[in-house]
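As you go down the protein sequences, you meet chains A and B in turn. So in my numbering, spot 48 of the first sequence is number 48, and the numbers just go up one at a time. So in my numbering, spot 205 of the second sequence is number 1205, and the numbers just go up one at a time.
Derived by calculation from the structure, the hints in this document are not laboratory data. Watch out, some of these pointers could steer you wrong.
[To be verified] In silico DSS-like pairs for lysine-lysine, Cα to Cα no more than 30 angstroms straight-line:
{"no.": "1", "chain 1": "B", "residue 1": "1096", "chain 2": "A", "residue 2": "7"}
{"no.": "2", "chain 1": "A", "residue 1": "275", "chain 2": "B", "residue 2": "1172"}
{"no.": "3", "chain 1": "A", "residue 1": "276", "chain 2": "A", "residue 2": "7"}
{"no.": "4", "chain 1": "B", "residue 1": "1031", "chain 2": "B", "residue 2": "1073"}
{"no.": "5", "chain 1": "B", "residue 1": "1031", "chain 2": "A", "residue 2": "4"}
{"no.": "6", "chain 1": "B", "residue 1": "1108", "chain 2": "B", "residue 2": "1018"}
{"no.": "7", "chain 1": "A", "residue 1": "202", "chain 2": "B", "residue 2": "1126"}
{"no.": "8", "chain 1": "B", "residue 1": "1126", "chain 2": "A", "residue 2": "4"}
{"no.": "9", "chain 1": "B", "residue 1": "1090", "chain 2": "A", "residue 2": "88"}
{"no.": "10", "chain 1": "B", "residue 1": "1073", "chain 2": "B", "residue 2": "1130"}
{"no.": "11", "chain 1": "B", "residue 1": "1172", "chain 2": "B", "residue 2": "1031"}
{"no.": "12", "chain 1": "B", "residue 1": "1192", "chain 2": "A", "residue 2": "7"}
{"no.": "13", "chain 1": "B", "residue 1": "1231", "chain 2": "B", "residue 2": "1018"}
{"no.": "14", "chain 1": "A", "residue 1": "202", "chain 2": "B", "residue 2": "1074"}
If you're wondering where the values come from, they're calculated on a predicted model, not measured in any experiment.
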Amino acid sequence: MLGKLLKYEMKASARTLLPLYIGTLLVAAVCSFTLTSWIHANTGVLESVATNEAHAEIFRGFVFLLFFCLCVAIVVLTAMIVIQRFNKSLIGDEGYLMFTLPVTHVQLLSSKLLAGILWILLGTVVMGLSAVIIGAPSVLLNINWLTVEWQDVWQAIQYMWAEWQPLEYIMSTGLSGLSNMVAFVLLVYLSIMIAQMEQFNKHRVAIAVVLFFLLNWVFGLIETMLFQLIGIDFMHTITSYDVLHLYNVMMWSDVAFTVVQCIVCFVATVWLMRKKLNL
Amino acid sequence: MAALVEFELVTKNYGSKKVLDDVSFTIEPGKIYGLLGPNGSGKSTTIKIINDLLQPTSGAVRIEGQAPGVASKKIISYLPDRNYLSDWMKVEDAFKLFEDFYADFDRKRAEDMLQSLNIEKTARLKTLSKGTLEKVQLVLIMARRAKLYVLDEPIAGVDPAARDYILQTILKNYAEDSSILISTHLITDIEKVLDEVLFLQNGRIVLQGAVDDIRAEYGKSIDSLFREVFKC
């Protein structure tokens, strides 16, 4: 049943987000093309572009502005859809259908959460990929591949890997980012779920917004206090010894705390769905 | 055998307001029940509790002997008093959704009903009128081979001509051992199909029993009795 719920969830959001994501990648490709043309023109490879430089510059400015707008749209729309897919389809009239399907509350919440996370990740990948599409050709075209000493490059990479051992930093940073993203979405859900209770029949949206910031602040406060308690005081110890080691300790502690926060929010939201639903 | 639905001294409070007050009744298989009462008498609250959309403050609710949950949702087909479908869907998307989630959804039956109501399968729900949308929902609900159909104000939004057709549809499509619970205040239209009635007033059941018995006892139709009991 979770699979079916997830399928519908993805389908409902795909109508808005997929065209936006694809459009952004296409515009990034156009940006990339104009950029390489410009580089070529300025290095004398493509003379014809240089003669049309005024027009080309306007066009280049336009596509880059469009790209910037699309990136902003990805952030705003993805966030809006993650919120709306919960608010409208569970707490709104569509909730009458969703909550009478033969599925558990855990499955309902999981499908919303998984779909939300997938869209946020996909949006992030699209923006990262766009940056690569725009930047990579210009960089790669300007390297004289014949003179590259692959042996040296490989050795340099090996040396850096051995020296810095970056795997743990990558993992701790990645997991911290991921867990904070899940925590963010779950906190939004919990805020909406509290605000829909019968006690707050008016101003549901305003209460949900205030609750979100309040809960966020409370969890942040608890985390800071716990960190201080176990001796990781950001402000004072950061310069005292191995900074990178401290960074890892901080990240892993953050992951641990955030996972607990996620579990608390998930359990609380399911409980509210079961006991305090007020359609 | 356990009753299909059993309410035992169910009370629901909203803050200090008592919406249901020690309500007890049972729904047996194979009968059509009318849940009758004026606005604000507790009809929708009762229906939401049956469908696990609301938790009672006290008392016990059992569907086939168990608390409402996944098992009861499999056997109850519920028509709420509002549009609960996403407006981006087409009629056939809604069919697909019901087919995916309800094992008892009979697609052929749904398509037949849709055809006789002259509704296009490819129509977007957004483009349909309120009345047509209600019909689509009714088709979805009645195309399930459920044990209990719970219909909240099923004919309120459609014209009187369509009402008869819808009532016929309801009667034609429910199996002998299924039950129907219809909440309404349009009693004239529905009286002839009811086996049992429950009169709700201010959260309390003021009258319940078989329609024939009540008619014989009071010497008047359910509609006239309703007007008398709920006189303003």
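Tested hints:
A threshold of 30 angstroms between alpha carbons decides the hint, and for residue 1096 (chain B) with residue 7 (chain A) the separation of about 12 angstroms falls inside it, so the pair holds. The suggested pairing of residue 275 (chain A) with residue 1172 (chain B) is violated, with an alpha-carbon distance near 37 angstroms, which exceeds 30 angstroms. Between the alpha carbons of residue 276 (chain A) and residue 7 (chain A) the distance comes to roughly 27 angstroms, so the proposed pair stays at or under 30 angstroms and holds. Note on residue 1031 (chain B) and residue 1073 (chain B): the hinted pairing holds, with a Cα-Cα distance of about 19 angstroms set against a maximum of 30 angstroms.
As the CA atoms of residue 1031 (chain B) and residue 4 (chain A) are separated by approximately 34 angstroms, the hinted pair breaks the 30 angstroms bound. Simply put, residue 1108 (chain B) and residue 1018 (chain B) have alpha-carbon atoms about 44 angstroms apart, too far for the 30 angstroms limit, and the pair is violated. Distance hint between residue 202 (chain A) and residue 1126 (chain B) is fulfilled; the C-alpha atoms sit about 28 angstroms from each other, no more than 30 angstroms. Between the alpha carbons of residue 1126 (chain B) and residue 4 (chain A) the distance comes to roughly 23 angstroms, so the proposed pair stays at or under 30 angstroms and holds.
Between the alpha carbons of residue 1090 (chain B) and residue 88 (chain A) the distance comes to roughly 18 angstroms, so the proposed pair stays at or under 30 angstroms and holds. Pair hint residue 1073 (chain B) plus residue 1130 (chain B) holds up; C-alpha atoms about 26 angstroms apart against a cutoff of 30 angstroms. Simply put, residue 1172 (chain B) and residue 1031 (chain B) have alpha-carbon atoms about 14 angstroms apart, close enough for the 30 angstroms limit, and the pair holds. Between the alpha carbons of residue 1192 (chain B) and residue 7 (chain A) the distance comes to roughly 43 angstroms, so the proposed pair goes past 30 angstroms and is violated.
Restraint check: the Cα-Cα separation between residue 1231 (chain B) and residue 1018 (chain B) comes to about 21 angstroms, which is no more than 30 angstroms; the hinted pair holds. At most 30 angstroms may separate the alpha-carbon atoms for a hinted pair to count; residue 202 (chain A) and residue 1074 (chain B) exceed this at roughly 34 angstroms.
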